[in-house]
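In case you want the letters, here they are:
2 protein chains.
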Amino acid sequence: MIFHIETLMLVSVSLNEIYSALTGGPCVFITSRSADGVDDAMANAWNMLHGMAPAVVTASLMTDHTTTKNILATGVFGISVPGTSLQKKLLASGCCHGWEVGDKFVKCSLEKLEGEALPVPLVGGALAHLECRLTEPDLLARAGILVGEPVAARVDERYWENGLFTCEGRPESTMHSAGEFSFFTRGPVRGW
Amino acid sequence: MIFHIETLMLVSVSLNEIYSALTGGPCVFITSRSADGVDDAMANAWNMLHGMAPAVVTASLMTDHTTTKNILATGVFGISVPGTSLQKKLLASGCCHGWEVGDKFVKCSLEKLEGEALPVPLVGGALAHLECRLTEPDLLARAGILVGEPVAARVDERYWENGLFTCEGRPESTMHSAGEFSFFTRGPVRGW
Chain A
1 MIFHIETLML VSVSLNEIYS ALTGGPCVFI TSRSADGVDD AMANAWNMLH
51 GMAPAVVTAS LMTDHTTTKN ILATGVFGIS VPGTSLQKKL LASGCCHGWE
101 VGDKFVKCSL EKLEGEALPV PLVGGALAHL ECRLTEPDLL ARAGILVGEP
151 VAARVDERYW ENGLFTCEGR PESTMHSAGE FSFFTRGPVR GW
Chain F
1001 MIFHIETLML VSVSLNEIYS ALTGGPCVFI TSRSADGVDD AMANAWNMLH
1051 GMAPAVVTAS LMTDHTTTKN ILATGVFGIS VPGTSLQKKL LASGCCHGWE
1101 VGDKFVKCSL EKLEGEALPV PLVGGALAHL ECRLTEPDLL ARAGILVGEP
1151 VAARVDERYW ENGLFTCEGR PESTMHSAGE FSFFTRGPVR GW
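Residue numbers (our numbering), protein chains in the order written: chain A, 1 to 192; chain F, 1001 to 1192.
Derived from the structure by calculation, the hints contain no laboratory data. The structure displayed is predicted, hence computed values, not measured ones. Where a beta carbon is used, it is the ideal one built from N, C-alpha and C, also for glycine.
Looking from chain F toward chain A, a few residues come up when the C-beta cut is under 8 Å (computed):
no.: 1; residue: 1024
no.: 2; residue: 1178
no.: 3; residue: 1187
no.: 4; residue: 1189
Next comes chain A alone, as it looks inside the complex:
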């Protein structure tokens, strides 16, 4: 039932607007599926946009990550942007390797949400979800720099306002690495 409720709360958003869920540097889950169907989700603190309308996304991986191997094999990946309620599961997913534990969704008790446009798992309960196609396979294989183009995006409708992702006045915030084993949440939003 929880799965059903979460799904109902997601709204599809434009690829010209979804950038707002990633700008500002949140920690995310990067999700993938191996060629033989084992799902993975890794915690990622280092990611950036490389285009806004439509969005282009990048993330720092390591070439020997299970995530890297999965994405090179399938050409697709997901990004789920968690709020603070997923703090412990985000940490857990960053503290084990897919090649050690198998399906990370099972190991870390992550709720699985299927992609709508691409065969990728996503992390249910997160505030925003992107389904992406890999665009720079050689760069990923050589240097561990992931670049992709979202083809579908959904956001928890409570965190979407006037075409913009926002945590202002909401119960959850994105989490941002503060170095070592700490993070900060979003402070007040101001105009430039």
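Using the hints provided, position chain F relative to the given structure of chain A.
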């Protein structure tokens, strides 16, 4: 005199620790010098680490940026991480092009701090400064993805504690893009 005071407050920090000034997704100045000596500083909201110890830095540029041309010509660049006191100057530096206005430090009334290790300008009054060598010139020229290795780093000593950059309890915070024309400052830091 202000220049002198600011300089005295900077401490050199290890390339294994400076990552903490960039993790979390702050807006930064990316600074550069043209082959014929014209200095530039651009506002950049999209950057990420790609290594921690020692730090590797990346940023999203456009191939026709003055910054891109300068960095391809010289092979070096700077990153200055501003706090909220530089909010208006950061915005100003993002609202004009070097090829239109010439020296951005002059145009935007930025205080200039010379690099110690590399011939790059840095933005005085910022909380942290990195002097970097370009490592992926072809990637920058082709795709606008900047990758570099810091060779020197300094931090305002008031924002450095136990080998970690922190804004907790300090008067200024880094600024993080919230989409459109808004940003958020750092909320409280918590342990994972």
